[in-house]
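**Q** Given next are the chains, with one letter for each unit.
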Amino acid sequence: MALNSLGREIPESYAGQPLIPYGDPYAIRPQGLVAARPMKRVNPGHNKRLSSLREAIEASGLKDGMTIATHHSLRNGDFLLNRIVAEIAEMGLKGIWIASSSVHPVHAEIIPHIKSGVIAGFQCGVNGLIGEMATKGEIACPIVVRTHGGRARSVIEGSVHIDVAFIAAPCCDEFGNMNGYYGPSACGSLGYAQIDATYASCVVAVTDNLVPFPVVPISIPQTLVDYVVVVDRLGDPAKIVSTTTRVTTDPVGLQIASYASQVIEASGLLQDGFSFQTGSGGISLAVAEKVRNAMRKGSIKGSFGCGGITGYFVDMLEEGLFSALMDVQCFDQEAVQSIGRNRAHQEISADMYANPFNAGAVVNRLDCVILGATEVDTSFNVNVNTESNGYLLHNTGGHSDTAAGAKLSIIVAPSIRGRLPIVRDRVTTITTPGETIGVVVTERGIAVNEKHAELKEELIRRKLPVKDISELQREICRVTGTPRPLEFEDEVVAVIEYRDGSIIDVVRRVKE
Amino acid sequence: MAGFKLRRSLLYVPGNMPSMLQNIPIFNCDSVIIDLEDAVPLSEKDAARHLVKRFLMNYTDRNKELLVRINPLDTKWGYEDLKVVLPAMPDGIRLPKADTPEIVERLDTLLTEFEEELEVEIGRFGILPSLESALGVINAVGIANSSERIFALAFGAEDYTASMEIERSRGGEELFNARTRVLWAAKAKGIQAVDTIFADVSDMEGLRAETELAKRLGYTGKCLVNPRQIEVVHDVFAPKQHEVEYALQVIEAIQRARQLGTGVIALGGKMVDAPVVKRAARVLRTAYAHGMVDTLIDEEAIHGAQ
Chain A
1 MALNSLGREI
11 PESYAGQPLI
21 PYGDPYAIRP
31 QGLVAARPMK
41 RVNPGHNKRL
51 SSLREAIEAS
61 GLKDGMTIAT
71 HHSLRNGDFL
81 LNRIVAEIAE
91 MGLKGIWIAS
101 SSVHPVHAEI
111 IPHIKSGVIA
121 GFQCGVNGLI
131 GEMATKGEIA
141 CPIVVRTHGG
151 RARSVIEGSV
161 HIDVAFIAAP
171 CCDEFGNMNG
181 YYGPSACGSL
191 GYAQIDATYA
201 SCVVAVTDNL
211 VPFPVVPISI
221 PQTLVDYVVV
231 VDRLGDPAKI
241 VSTTTRVTTD
251 PVGLQIASYA
261 SQVIEASGLL
271 QDGFSFQTGS
281 GGISLAVAEK
291 VRNAMRKGSI
301 KGSFGCGGIT
311 GYFVDMLEEG
321 LFSALMDVQC
331 FDQEAVQSIG
341 RNRAHQEISA
351 DMYANPFNAG
361 AVVNRLDCVI
371 LGATEVDTSF
381 NVNVNTESNG
391 YLLHNTGGHS
401 DTAAGAKLSI
411 IVAPSIRGRL
421 PIVRDRVTTI
431 TTPGETIGVV
441 VTERGIAVNE
451 KHAELKEELI
461 RRKLPVKDIS
471 ELQREICRVT
481 GTPRPLEFED
491 EVVAVIEYRD
501 GSIIDVVRRV
511 KE
Chain B
1 MAGFKLRRSL
11 LYVPGNMPSM
21 LQNIPIFNCD
31 SVIIDLEDAV
41 PLSEKDAARH
51 LVKRFLMNYT
61 DRNKELLVRI
71 NPLDTKWGYE
81 DLKVVLPAMP
91 DGIRLPKADT
101 PEIVERLDTL
111 LTEFEEELEV
121 EIGRFGILPS
131 LESALGVINA
141 VGIANSSERI
151 FALAFGAEDY
161 TASMEIERSR
171 GGEELFNART
181 RVLWAAKAKG
191 IQAVDTIFAD
201 VSDMEGLRAE
211 TELAKRLGYT
221 GKCLVNPRQI
231 EVVHDVFAPK
241 QHEVEYALQV
251 IEAIQRARQL
261 GTGVIALGGK
271 MVDAPVVKRA
281 ARVLRTAYAH
291 GMVDTLIDEE
301 AIHGAQ
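Just so you know, the protein sequences line up as chains A and B, in that order.
Oh and the first sequence: position 172 is 172 in UniProt numbering, straight run, nothing missing.
Oh and the second sequence: position 38 is 38 in UniProt numbering, straight run, nothing missing.
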């Protein structure tokens, strides 16, 4: 055991791999070359079409102990990962690792195959029941939670090698050219899958929409794709990119959004060339709406909107408030339609979006990002992975990446969830280090990290309710009381990898 | 002008909802009216007043004016409301159905009795009477003069239109006479005037139009039924940037005038005298509340040294 710089106990190794304790957000420098994979040759007349997933798995050469990947752009509507795991189980393979870009609640179907040993573990974060059961000790499989940028990094540097990538391709031709823009399972950007296509030893395109050669525009080209398989459906269209993308009407949420937008205005960043990212939550969208109004009022022409893209950002692009959208993932149908018709709506890979180990990610160009939290502590460390019950329920997404990249990262969260205070002495799990967080906005006050002293002065001058974060915590606890701390076993059920590959925290089994 | 209190937004909060009461500190309205009257069902009248009392007693870092709308004094709950809630020190009482000066005088007497009993300063509890019937509107002048505790008159359009047997329209033409009469009474007495609620919380444009009308007529604030309405109302009541700049010039000019030993001076070809200064001072106080100017102007700047 070693303590990392944030005081968290990190084991020497996990799932057979040595661990590097987290030190600071920017220090680790990459060594060596990017990962390689076998060269290939395909002669004229070659046929990439296979008749079934089973055939594709056989042709890919997948063996016990190997690693597979899918992308999560179909979100909770994805059928593919469940079907592949079921096939693998039928084929009698064991010890397979999953290195998908994320795993959603719909993938709880995999759980029996974890118990039976078909699935050995996850080289990615998980949303929903799998993480919960792991934290309770009901299933045993290592989980390495990664940020979007960190996952791209791990694949590109080769610390995670994907043996077979199965890519859900909403629009695909028989030679493997594909995009996500069109078809019954259209999901927009294929930003995560682009990494898998480039670095996996074998790439299988799976489509429910085979169109005549050639697919244009091409998001992932034929040169990277080994096989093409047609299936009935890639997912449930009602659940694909169906994140709730509506502005909140809750007065508390709107109060938070109002403070957050005033923080942005006070920051001085809201001027021509402004670049911005928000999530898809109701409060984030309310902030986006207020920022949009402020941009209209001040005739401000922004540079780009980034991240998971919603219809809100599409509207801002079309209105001329942004000159481009940098889209690694579409959050709603408006975004999907936009990326298929608007050249200024640019698809970007997860590498370009957020990988810390390249010659410059888009997050480094962000002025401001709005982020959520399940908990925040008095050192501004943020938890988005576990809930106050200690269960691992959420993947990190681009949280730590954008916080580290943006000039100003703003956490928006209600001060009380259920009956629990959101500001704690110590978050249950550190996802994102406090040194990369600028401001925490709750409906009961705004806490500003000391590194933004000028902004703090300006907020006070504007008579916004600026409070020391400990004072904010005390105020919240006067309403809620102080919760009894959770109790954990020693056993580590998941590690939280920072974007540079160091370990920022671990998730331990909850004492039930 | 001493004791000037900004009351642009007076937010109703039901007295029987703990989850909403606990959020009172976070909203940036100028005043809150905790409701024991219409929002509270008969079966919860008793529980609500005790809940409100507890809430007020625990709300020690007060950051806004706290008024309690009691039940009318001729009901069996009105007196009990006062008895339970006043020891928790609200700032004042919103008196519903204040149709006559006598009704307000009765409340005034009761408040004095409670103040004596609680050993607090006489006059500590203010009164905001609701003029919400034809009778109340007719009696506006008498009501405004019925108690020194009255800091503003509030117009209530919902009950008023009911008493007139008419429908309330989106444009509010039918309210014009009543609104004006309430205003005259308030302005003649030198107190504030608070406009009625706008019930459709999803119609922000309607709210804005109605608030703009009320401001144009002379109302200084508006009652709200949802925190989402605060922003629009504050935005309407916020002084415009050019008004603030002009007001600053006026104050600077009058200070110059005083140095010259006069109370009148020209500014940009227009005469600046006491009424102009008074208006400028009001603009600057409101601008200060909106964070548009950094310092409050001192009284001496306005009135000159004694």
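Just so you know, the hints here were simulated from the structure itself, not pulled from any lab data.
Note that the Cβ used here is the ideal one computed from N, Cα and C, for glycine as well.
Treat the hints loosely; a few may be bogus.
[As the list claims (entries may be wrong)] Dumping the calculated DSS-like pairs for lysine-lysine here, alpha-carbon to alpha-carbon at most 30 Å:
#1 Lys463/A with Lys215/B
#2 Lys136/A with Lys115/A
#3 Lys5/B with Lys467/A
[Stated by the list, open to error] A short, non-exhaustive set of chain B residues, derived as facing chain A with CB atoms under 8 Å:
#4 Pro18
#5 Gln22
#6 Asn23
#7 Ile24
#8 Arg54
#9 Phe55
#10 Asn226
#11 Pro227
#12 Glu231
#13 Asp294
**Q** Against each hint, give a clear statement of whether it holds in the structure.
**A** Structure-based check of each hint:
1. Our distance criterion of 30 Å between C-alpha atoms is met by Lys463/A and Lys215/B, whose separation comes to about 24 Å.
2. Only pairs whose Cα atoms come within 30 Å are accepted, and Lys136/A paired with Lys115/A is accepted, the gap being roughly 14 Å.
3. For a cut-off of 30 Å, the pair hint linking Lys5/B to Lys467/A stands: about 25 Å separates their Cα positions.
4. With a cut of 8 Å, the hint placing Pro18/B at the interface with chain A is violated, because the nearest CB-to-CB distance is about 11 Å.
5. Look at Gln22/B: its Cβ gets to within about 6 Å of chain A, closer than 8 Å, so that hint holds up.
6. A least Cβ separation of about 6 Å between Asn23/B and chain A falls short of the 8 Å threshold, and the interface hint therefore holds.
7. At a threshold of 8 Å, the smallest CB-CB gap from Ile24/B to chain A is about 11 Å, leaving the interface hint violated.
8. For Arg54/B, the interface hint is violated, since its Cβ never comes within 8 Å of a Cβ in chain A; the closest pair sits about 13 Å apart.
9. For Phe55/B, the shortest C-beta to C-beta distance to chain A is roughly 11 Å, which exceeds 8 Å, and the interface hint is violated.
10. About 7 Å separates the beta-carbon of Asn226/B from the nearest beta-carbon of chain A, less than 8 Å, and the hint is met.
11. Of the supplied interface hints, the one on Pro227/B holds, with its beta-carbon coming within about 4 Å of a beta-carbon of chain A, less than 8 Å.
12. Checking Glu231/B against chain A: minimum C-beta separation of about 7 Å stays under 8 Å; hint holds.
13. Contact between Asp294/B and chain A, as hinted, is supported at the beta carbon level, the nearest pair being about 7 Å apart and thus within 8 Å.
When each numbered hint is compared with the structure, violations occur for hints 4, 7, 8, 9.
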